[in-house]
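Construct the complete structure from the given sequences, taking the supplied hints into account.
Chains as they are written, first to last, in the working numbering: chain A, 1 to 131; chain B, 1 to 148.
No wet-lab data here; the hints were simulated from the structure. Computed from a prediction, not measured in an experiment: that's the story for all the values here. One thing to keep in mind: the hints can contain errors.
[To be verified] When the alpha-carbon atoms are kept at most 20 Å apart in a straight line, the in silico SDA-like pairs for lysine to any residue are as follows:
1. A:K58 / B:G75
2. A:K97 / A:R13
3. A:K58 / B:H58
4. A:K97 / A:V108
5. B:K123 / A:F34
6. B:K123 / B:A40
7. A:K58 / B:F60
8. A:K58 / B:A40
9. B:K123 / A:T125
[As the list claims (entries may be wrong)] Chain B side only, calculated, beta carbon under 8 Å to chain A, not exhaustive:
10. G57
11. I61
12. I64
13. Q70
14. V72
15. A97
16. L105
17. V140
18. L148
Beta carbons: idealized from backbone N, C-alpha and C, even for Gly.
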Amino acid sequence: MPKAPAGTLYRGREGMWSWVAHRITGVLVFFFLFAHVLDTALVRVSPSSYNEVIEVYKSPIVNLLEVGLVAAVLFHALNGIRIILIDFWESGPKYQKQMLYIEIVLFVVLLVPAAYRMLLHTAETLFGSAT
Amino acid sequence: MATTATPADRSAPELVAPRSPQRRTKPGAAKVRSNFELYAWVFMRISGLLLFFLVLGHLFIMNILDGGVQRVNFGFVAGRWASPFWRMWDLIMLLLAELHGTNGLRTVINDYAERAQTRFWLKMLLYTSAFLVVTLGTLVIFTFDPDL
Chain A
1 MPKAPAGTLY RGREGMWSWV AHRITGVLVF FFLFAHVLDT ALVRVSPSSY NEVIEVYKSP
61 IVNLLEVGLV AAVLFHALNG IRIILIDFWE SGPKYQKQML YIEIVLFVVL LVPAAYRMLL
121 HTAETLFGSA T
Chain B
1 MATTATPADR SAPELVAPRS PQRRTKPGAA KVRSNFELYA WVFMRISGLL LFFLVLGHLF
61 IMNILDGGVQ RVNFGFVAGR WASPFWRMWD LIMLLLAELH GTNGLRTVIN DYAERAQTRF
121 WLKMLLYTSA FLVVTLGTLV IFTFDPDL
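Shown next as structure tokens:
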């Protein structure tokens, strides 16, 4: 692959792929928000219709999708901070790659315990309690 | 739309100095350059920073803190929205997230939809959905009735 010319932060490698991931996660979260406002609006219809739809969120497969949602939001949030630093911190563009690596570490460190907590109930329901 | 040609319109085009900024309006028309894209860019960064705390806090409370989503039901929502703090949190989060997301999708449409008609209708669809989400969400937060 030809080397990207110097100074093109958003062309090739870390700069570009983080931009691609930022777009994809952003669009995904936007579509979820649409559905989420509609499901929450059911509290204005009746407690039972709200509870019924919220039960869907507690089912194993949707629970797994929620971990995906949290992952998308977490990446988008951390990468957004990186973008702000690139734009406003004078050394931001210089350290954009290093910031992405720090971001990935933070992403994993935060997501793993979050996913564990989120999936614990589902795992216990499916496979029985560990204790 | 062509205006009636007068002799003045047929004069030679004005020669501008090299490297002078590109004029986006038709010569003669009132200059209406707006800074909308700049404000949108700034808004993305400010709202993004606020949403970092609002949304991650929301996800933490709803999905991770004691029992996570398993404890969420009508009663749980009623308990939270009894407090003006959480109502304001949710309202600000709703407005910022929807505007942030709408502007993000506007950028995506501008980038990938090439036909003028497609761009127009996709953006109309986007703005209609944004209006619906903001209106419905705001209404629900303000008119919530725990005794329903």
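Status of each hint after checking the structure:
Simply put, K58 (chain A) and G75 (chain B) have alpha-carbon atoms about 16 Å apart, close enough for the 20 Å limit, and the pair holds. Pair hint K97 (chain A) plus R13 (chain A) holds up; C-alpha atoms about 9 Å apart against a cutoff of 20 Å. Distance restraint check for K58 (chain A) and H58 (chain B): the Cα-Cα separation of roughly 17 Å lies within the 20 Å cut-off, and the hinted pair is therefore satisfied. Proposed proximity of K97 (chain A) and V108 (chain A) is supported: the alpha carbons are some 17 Å apart, at most 20 Å.
Using a Cα cut-off of 20 Å, the hinted pair K123 (chain B) and F34 (chain A) holds, with the two alpha carbons roughly 16 Å apart. The suggested pairing of K123 (chain B) with A40 (chain B) holds, with an alpha-carbon distance near 16 Å, which does not exceed 20 Å. With a C-alpha separation of about 16 Å, the suggested pairing of K58 (chain A) with F60 (chain B) holds against the 20 Å cut-off. Taken as a hint, the K58 (chain A) and A40 (chain B) pair is broken in the structure, with Cα atoms around 37 Å apart against an allowance of 20 Å.
With a CA separation close to 44 Å, the supplied pair K123 (chain B) and T125 (chain A) exceeds the 20 Å bound. This hint is violated: G57 (chain B) has a C-beta 11 Å from the nearest C-beta of chain A, more than the 8 Å allowed. With a cut of 8 Å, the hint placing I61 (chain B) at the interface with chain A is violated, because the nearest CB-to-CB distance is about 12 Å. Interface hint status for I64 (chain B): upheld, as the beta-carbon distance to the closest one in chain A is roughly 5 Å, under 8 Å.
Contact between Q70 (chain B) and chain A, as hinted, is supported at the beta carbon level, the nearest pair being about 5 Å apart and thus within 8 Å. Interface hint at V72 (chain B): satisfied, since its Cβ lies 6 Å from the closest Cβ of chain A, which is below the 8 Å cut-off. Against a cut-off of 8 Å between C-beta atoms, the interface hint on A97 (chain B) holds, since the closest Cβ of chain A lies about 6 Å away. Hint on L105 (chain B) holds. Least Cβ distance to chain A is approximately 6 Å, under the 8 Å limit.
Satisfaction of the interface hint for V140 (chain B) is found here, the shortest Cβ-Cβ separation to chain A being roughly 5 Å, below the 8 Å cut-off. The criterion of a C-beta within 8 Å of any C-beta in chain A is met by L148 (chain B), whose closest approach is roughly 6 Å, and the hint holds.
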